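Listed below, chain by chain, are the residues.
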Amino acid sequence: MKIFTVVLLCIAALPAQASETAITQVQDSYRTEEGSAFAATRGKSMWTQSFIQKKSGKQVSCATCHTADLKRAGSHIRTGKTIGPMATTANEERFNDPAKIEKWFLRNCKWTLGRECTAQEKGDFLSYFQSE
Amino acid sequence: MAQPQAQNNNRQTPIRIWNIPVRLFHWTLVGCFITAWLTRDNRYLDIHLFAGYLMAGLIVFRILWGVIGGPYASFRDFAFGWHEVWLYLKGVLNRRPPRFLGHNPAGSWAIYLLLTLGVLIVITGLLGLGGEEQQGPLAGWLNYPQGKLAQDLHELLAWLMLGVVGTHLIGVLVESLLHKENLVSAMLTGYKPAPANAVSAASQWKTGIAMAIIILAGGLIWFQGYLTATANQPYRPFIGPELPDNALWREECGACHLAFHPSLLPARSWRTMMEEQASHFGEDLFLEPDTVAEIKTFLVKNAAEQELTEAAWKINQSIPKSKTLLRITEAPYWLKKHRDISDAIWQNPKVNGKVNCAACHLDAEMGTFEDAAMRLPD
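Listed in order, the protein sequences are those of chains A and B.
Position 115 (the first sequence) corresponds to 115 in my numbering; numbering is contiguous.
Position 44 (the second sequence) corresponds to 1044 in my numbering; numbering is contiguous.
Straight-line alpha carbon distances no greater than 20 Å define the calculated EDC-like cross-link-like pairs of lysine to aspartate or glutamate that follow:
| id | chain 1 | residue 1 | chain 2 | residue 2 |
| --- | --- | --- | --- | --- |
| 1 | A | LYS100 | B | ASP1284 |
| 2 | B | LYS1337 | B | ASP1046 |
| 3 | A | LYS103 | B | GLU1294 |
| 4 | A | LYS110 | B | GLU1252 |
| 5 | A | LYS55 | B | GLU1276 |
| 6 | A | LYS58 | B | ASP1284 |
| 7 | A | LYS103 | B | GLU1276 |
| 8 | A | LYS71 | A | GLU93 |
| 9 | A | LYS110 | B | GLU1288 |
| 10 | A | LYS55 | B | ASP1284 |
| 11 | A | LYS103 | B | GLU1275 |
| 12 | A | LYS103 | B | GLU1288 |
| 13 | A | LYS103 | B | ASP1284 |
| 14 | A | LYS110 | B | ASP1284 |
| 15 | A | LYS54 | B | GLU1283 |
| 16 | A | LYS100 | B | GLU1252 |
These are calculated hints, taken from the structure and not from any lab test.
Keep in mind that this is a model prediction, so the values were computed, not measured.
Given these sequences and hints, build the entire structure.
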């Protein structure tokens, strides 16, 4: 009977996305740094917030390449390459690897904001990606 | 051998001179020549090759038919020597050329020239295809430079053939005018007015039907890929060699843009690019040193100098050794190949700039950049 329950639990756990594990892991690492709760709403408003990019003098935001709708595919503003949707529900390949998440936060925050994002901001973004 | 007909045009009735296979051969050959000419752009190489193979088949057939094709079609009915051609041309100059029911001496020489040129064009075409594209029955026989030579010869011969075709047309026009008869429609209907004692050619319709069936079936087999293609799986007539791959490279260099295959730039370009990864066309790639090392090794090992593809060979050839280009899109060969593409197309939202190779090249991800795998978005 006990084994039966374990098997059942395993089956129930299967559909949980790989992204969930990775995001939880990354968010946990942010929590120990600053220890605050993450909010999808804050992530959402920052997602479309515009910044002036120093090099180009252009107004840019995360949505510049990813679009404001997380469920839609975006395209790299400089190369035209298609970028798959960011919502975890719309793209199974998203957020499976903590190192990849960190790499792109570093690149894209520097690109967009001209600085690295804080642990709080990154945690908010991740909650936002999961919420849509 | 055919003798000139008496100039006396009285009491002539139309009889069949050109049997069906001769006419089918003639007009299909015309079609092949025009098609091959219009598809000399690499984008249509598969159609060009079909025209070429068909031309080869037609010429082989015509040579055979020159032995067994019967009256007017047989070589022995138009085996004229230089002296007869000269006499005939003199007749033309005096505006009184003798009339021949079959091919006249000058026309016959045009035919032999065209057949010879056709054979040479097919041979040089196959050699070029095997050398430059490493495709076709002679793939691997020649290397890239030899293939290029064959290709240049192929083009020269095609221009020569165009010249002979032009001369042939002028000849047809002049003779039609001087004899007041329509030679073009004779080649369509097969009939010409002839004296009562002249030999008539059999229609040979069975051979004609067999030819038509073979040509149609050949076309269907050759182009069947287009029938089964879907929007997501477009048909690629040529599959290039399988190129070396590397997972780390694909992951790191394939996120912001297409993972440009190493064969598209020389080793010195890749070395510089990887050393300057912190200012990659204005982007900081933030790559770890061991990541940089592994990717650099992969890039350098498979760089353009290795001549893994035709594009690799040509790109490398086109860049002066003293220059270290960081952009494929600045290589003279790339510029030459894309110079006819208008700004409107580069700005088309489906293309969005020159670096989006995959917008037009179906095999960009594979790095092979084969012919007939490119199309402009509409």
